[in-house]
Every structure is written in C-alpha cells, then in structure tokens.
Amino acid sequence: MSAVVHAHPQSGPVLGVADTGKPNRSLSDAGLRGRWWRFALILAITAVVLVPIMVTVVLAFTPGPTSTATGFTLENFGSVFSETLASTWLQNSLITTLSTVVVAVAVAAPAGYVLSRGRSKAVSGYSLLLFVMQSLPIITSVVPLFILFAGMGLVDNLMGLTIIYVGSTMTVATWMMAAYFDSIPISLEEASWIDGCSVFGSFTKVVLRNSLPGVLSTAIFAFLLAWNDYLVAIVFLRSTEIFTLPMGVQSFFQQNQTDWTSVMALAVIMMLPPIIVFAALNKYFSVGGIGGSLAGR
Amino acid sequence: MALTTAQTGLSRARRGVAPGGPGKPANRKSKLSSQTRKTFFWLLLPSVILLVLIHGYPLVYAGVQATHDGSLIETGEFVGLENFANVLASDAFWKAARFTLLFTIVGVFGSWLLGLGLALLLRTKIPAGGLFKVLLLLPWVVPIVVSSTAWNWLVGTPDSLVPGMFRNLGLGTPLFLADPTLAAITVMVFKVWISFPFMMMMTSAALASVDTTVYEAASMDGASRWQQFSQITLPLIARSTYISWILMTIFCVNDFPTIYLLTGGGPVDATTSLVVLAYRTVFQDFQTGPGVAIAFLMTITLVVVSVILYRQIRKSSVE
Chain A
17 MSAVVHAHPQ
27 SGPVLGVADT
37 GKPNRSLSDA
47 GLRGRWWRFA
57 LILAITAVVL
67 VPIMVTVVLA
77 FTPGPTSTAT
87 GFTLENFGSV
97 FSETLASTWL
107 QNSLITTLST
117 VVVAVAVAAP
127 AGYVLSRGRS
137 KAVSGYSLLL
147 FVMQSLPIIT
157 SVVPLFILFA
167 GMGLVDNLMG
177 LTIIYVGSTM
187 TVATWMMAAY
197 FDSIPISLEE
207 ASWIDGCSVF
217 GSFTKVVLRN
227 SLPGVLSTAI
237 FAFLLAWNDY
247 LVAIVFLRST
257 EIFTLPMGVQ
267 SFFQQNQTDW
277 TSVMALAVIM
287 MLPPIIVFAA
297 LNKYFSVGGI
307 GGSLAGR
Chain B
582 MALTTAQTGL
592 SRARRGVAPG
602 GPGKPANRKS
612 KLSSQTRKTF
622 FWLLLPSVIL
632 LVLIHGYPLV
642 YAGVQATHDG
652 SLIETGEFVG
662 LENFANVLAS
672 DAFWKAARFT
682 LLFTIVGVFG
692 SWLLGLGLAL
702 LLRTKIPAGG
712 LFKVLLLLPW
722 VVPIVVSSTA
732 WNWLVGTPDS
742 LVPGMFRNLG
752 LGTPLFLADP
762 TLAAITVMVF
772 KVWISFPFMM
782 MMTSAALASV
792 DTTVYEAASM
802 DGASRWQQFS
812 QITLPLIARS
822 TYISWILMTI
832 FCVNDFPTIY
842 LLTGGGPVDA
852 TTSLVVLAYR
862 TVFQDFQTGP
872 GVAIAFLMTI
882 TLVVVSVILY
892 RQIRKSSVE
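Quick note, the sequences are listed as chains A and B, same order.
Its first residue numbered 17, the first sequence is counted upward by one per residue in the numbering used here.
Its first residue numbered 582, the second sequence is counted upward by one per residue in the numbering used here.
Take the hints with a grain of salt, since some may be wrong.
[Claimed, not checked] Taking lysine to aspartate or glutamate pairs in the DMTMM-like style, the calculated list, with each CA pair at most 25 Å apart, reads: (1) B:K619 x A:D211; (2) B:K619 x A:E206; (3) B:K676 x B:D760; (4) B:K676 x B:E663; (5) B:K706 x B:D850; (6) B:K706 x B:D792; (7) B:K676 x B:D850; (8) A:K299 x B:D792; (9) B:K896 x B:D792.
[Claimed, not checked] Quick list of simulated restraints, FRET-style, between CB atoms: (10) B:A819 x A:L145: 49 to 59 Å; (11) B:E658 x A:S255: 29 to 39 Å; (12) B:G711 x A:L145: 33 to 43 Å; (13) B:D792 x A:S199: 16 to 26 Å; (14) B:G644 x A:K137: 22 to 32 Å; (15) A:A63 x B:E663: 17 to 27 Å; (16) A:V74 x B:Y796: 40 to 50 Å; (17) B:E663 x A:I291: 26 to 36 Å; (18) A:A63 x B:L694: 16 to 26 Å; (19) B:A804 x A:N226: 40 to 50 Å; (20) B:G661 x A:N226: 47 to 57 Å.
Don't read these hints as lab results, they were simulated from the structure.
Ideal Cβ placement from N, Cα and C applies to all residues, glycine included.
Sequences are here, hints too, so could you generate the full structure?
Here you go:
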C-alpha cells in the first residue's frame, strides 16, 4: 500500500490510505464526515444483511445437542457424511450441474452466433421466441414433461433432470452469447474467410477463441441455475439416493426434530461452490450480462 | 429467402460492427451466403430441438391437459373450458392472484429501492468499498435452499432467535411464519433480501456509465442534491432501471422456492402464490386439469406481457 500524503492534515492517516486513487482531491470537513456516515451506514446494513449467512456458518461449526465437544468443532461435517447420503447428493449435484454447464454452452454458443450474425426476420423471430419462453413459468412445462419423461424412464433420473436444466438455461444463455458475439468485430472473420476458412471454421477458430469471457459468464449463469434449482428437483426426484443437494438439505425437515447443526453443515457445503465460482470468476459474473443481453437486442 | 437472410444479416453485422471495412467481390459473397445458410441451419438446430422438446411440446400438451379431466397417468375426457371456468370461479385462485401481485410489487420495488440506495452509497469512495460490494452480493449467490434454512432457524418457531429478541425487548412474541399477515410480510422481506443484490449490480453498472461532469455543471447552476438525483441520475439510468424491473417482475411472478421453502404457502394459504397453487393442485391434490389451467392462465398473461415488453425494449434500444 503506497503512502500518500494528504493535502489536509485533519484527514488522518486512515483516509490517506483509502484515498490513494486521487491524492489531489481535497475534502472539506463536511464531506469527510459524510463519508464516515456513509461508511457506518453501509457497515450496519451489511452486518444485518449477512446475519442469515453468518448464522449458517456458526451453527455448522457448533457442537450438536448430543455432542460432548465444546466450542469450535468439525464433527457436524463428519456426521452429515457418515449418517446421511450427503456424499451421494453432492456427487449427484456436481454431475448434473457440470453436464448442464457443458451442454448449455455447447448449444447456446452456436445458436447465439447465428442470432448475432444472421439478423433477419426469421432469426429475430427466433430471438423473440426465446425471450417469451424464458419468461414463462417452469411449472407449466413441468407437468407435461413429467408425463413425457415418465414414459421414457427419465423421472427420478439425473439425465432427465439435466435435460430440463439445459432446456431452461438455453434461452437466456443464447441471448447472453449473442450479446457477446455482437462485440466481436466481423472483420476478424472476414480475414479468415479470405484465407479460405469456412463459416463454421471461422466460428470455432476465430470467434469462439476470442469469446472466453462470454462463455464464462454464460457458464456461470447455467451453473447457478442448475446448482440452486429446487422446483424441478422436487417434481422429478423420488428416491433419496438420486437426490441433489437442495433435496438433501430439505430432507432434514421431514423429521419431527430438525438436526440444525447437521443441516447447517450440509448447507455450508452447498453454498461453497457458488461462492468459490463467484470469488474466482468475479469479473465475468455479470448480472449485467443478462440485462445487457436483453438491452442489446 | 434464407439466402437473402444470411446476406442481409452478414452485411448488417459488417455495417454495424466494422464500418468502413473493404467490400467483397459479388461472386465471393453469394458463394459465402449459400454456405452460410447451411452452416447457420446446423448451428441453430440443437437449440431449436431443445426449444421444441422442453418449451414447445410441453406448452402444447399443457393446453391439452388444461382442457381435459385427466390425471398424471391418463389424459382423461375432453371437458372444454370447464377447468378454466372452475379455476376462475374459485376463491383460492383469486386469493393466490392477489398475493402474487402484492409479492411482485413489494419484491420489485423493495429490492430496487434497497439496491439503488446501496449502489448510490457505494458509488462514492468509502473505506473497503470493494469488500462491501462483494459481501452484499452474497444473498443472491447463496442457494435459496440454504438461505431459507437459515431464515427458518432465525424466525421459524416462537423459540427462534428473532422472536426471542422481541420477547426480551418486551414486544411480545411475533409468530413470523404462523400468523397469516406476518408470514406474508416475512416472505416478502425474504424475497427482497434475496433480490436486492441483483438490483444493486444492475444499478451500479448503469451508474458507472454516467458521466460525472454533468453533476459539476449542475451544482454550479445551483441544483440541490435531490434535484441532481431526480433530474439527472434517474433519467440517465432509466433504461437500465426499466429492464431490471421487467426482469425482477418475471422472477417474482415465477418464483417458487422462496415461498415454498419458507412457508409452504401457509399458514391457511396466506402465502400461496399462483405457482405454489398450481404445484399443490397438481402434485398434492392430483387435480392435473385445474392445476395446469392455473399455470396456463399465468402463461398467457406472461406471453402477452413479455411480447409487449420485448417490443418496448427493442424500441428503446433503437433510440
């Protein structure tokens, strides 16, 4: 952290450090006080907002009612894995989510390319269709799909679940990819066509290769949708060994006495992947991506 | 037709994205377009198949189910619009519709106001501003199953933490999930808690694109803080605000887990939204026809609304 000598001596060292970006901007006393008010306000709001999440973490590391341990303990995590099917649920969630991400991107990227480059009556009609479909309640399609999938043996089946996740992700995912491709200049493709590249070749070799941020934000969107889903899971999953994590966490509430410390341990495991994805890929994590893709078309 | 499609499409993109690029010889262009047409077809095909399978077919079949007296196993007899008539005549439907409307209004504007306020606060330089920005997104990142579990622990029973705090302060013991009115309020607060980070991100992104020199000019002209906000900031972020309202409306109307995981639609149906009602009618009362009819009525409303909104967005993005 670089030391910056602030123009006003009364601003103090803390401010000097925080203000490194603009050392030459002078602050009046009132502005300074306003700044600390804002800081205190944000701090208070953040503290209140985070209570449910802090409670989850604290309880997960607190000894359960039957435990002899005191203070901080990891035994809830041990017991949740040894006494429930938590490891199966985690595995099911990972398989379903990762397959959804891969297939959704594989379907949405080419379709998004067509939406971006081939704008015409037919293509913009398809774009409208995608917009309408993404705004419809999943509950409408869930009942007919349940009957269709029952006939195909896809109820209580992870592949059935994945197919629905891919289907419900692809509408927004296609728009997001299209919005990203819009930002790639077509001159890059033109150059490759002159070199004898086909349209498909230029799509995979030129466009996709330059689209990592777009692919990542689409992948994050698909990841969150599949990882967090509850509605499709509660309709389509029946047996405990096929449960995904949301169903696993909920299964703790079927019993009369909820084992809070165990359920919180599982809850912590469930919220870690989204938080890790978010922390690692923060800059691609654009809700703006969704909004922007709607705005751009 | 499809050939001109590809041609106009590509030339539009060339005009729009790379102005002034060298034109192509005519023969090269037409050859490319015919290839392009085929390639576009294959690139779009998987997406179309999925759309038909996961969205198109179910929508048509839902129409069949809604007009039949069937179950999850058989289609049953054709009953015309009887299911719709029954649903529209039932109190449960209108009660759920009213709750959905209120839930959506509170969800959209509650989360927008909180998100806007925080985005404005975080816009100015404050110590650890970046950290706050990340921490405040957590309610949106954490799975709803997890946060509903935490909320249940906090307010679920009279012995939970928050009712206990009220009791210690001598304010009685509020039954957050057992009293119909309080349960409705709790569910809406929960929805706002989940959704405000989304609004904060949308607003922050819009605010970042506002040129700050306009404020200097305005304050030189003697504009007050409020005038600057209402007459400069709000109009400049209006389009993004509009889009975020639309998205949040769709999120709220279609919401299932927020409500179902916290209250299950109770107590006494006080928090039953249309989606929860449709779910229970089909999967708990096993009345497929009426349940699908409810979902279908929502669908029709949303199709009409979203086509109108889509037109609006397109129009405003042309401007």
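Against the structure, the hints:
1. B:K619 x A:D211: holds (20 Å)
2. B:K619 x A:E206: Within the cut-off at roughly 18 Å; holds.
3. B:K676 x B:D760: holds (17 Å)
4. B:K676 x B:E663: Answer holds: K676 of chain B to E663 of chain B is near 20 Å, not above 25 Å.
5. B:K706 x B:D850: violated (46 Å)
6. B:K706 x B:D792: Judged against 25 Å, a Cα distance of about 16 Å means the pair holds.
7. B:K676 x B:D850: The given pair, whose Cα atoms are some 8 Å apart, holds under the 25 Å limit.
8. A:K299 x B:D792: Roughly 22 Å separates the two Cα atoms, so the pair holds.
9. B:K896 x B:D792: holds (24 Å)
10. B:A819 x A:L145: 49 to 59 Å: Because 28 Å falls outside the window, the suggested range is violated.
11. B:E658 x A:S255: 29 to 39 Å: For S255 of chain A against E658 of chain B, whose Cβ atoms are near 33 Å apart, the range 29 to 39 Å holds.
12. B:G711 x A:L145: 33 to 43 Å: Between G711 of chain B and L145 of chain A, where Cβ atoms are some 40 Å apart, the hint holds.
13. B:D792 x A:S199: 16 to 26 Å: holds (21 Å)
14. B:G644 x A:K137: 22 to 32 Å: Cβ of G644 of chain B to Cβ of K137 of chain A: about 26 Å, so the range 22 to 32 Å holds.
15. A:A63 x B:E663: 17 to 27 Å: violated (55 Å)
16. A:V74 x B:Y796: 40 to 50 Å: Roughly 43 Å apart at Cβ, these two residues keep to the hinted range, so it holds.
17. B:E663 x A:I291: 26 to 36 Å: With a Cβ separation near 49 Å, E663 of chain B and I291 of chain A fall outside 26 to 36 Å, so the hint is violated.
18. A:A63 x B:L694: 16 to 26 Å: holds (19 Å)
19. B:A804 x A:N226: 40 to 50 Å: Holds: the Cβ-Cβ distance is about 44 Å, inside 40 to 50 Å.
20. B:G661 x A:N226: 47 to 57 Å: holds (55 Å)
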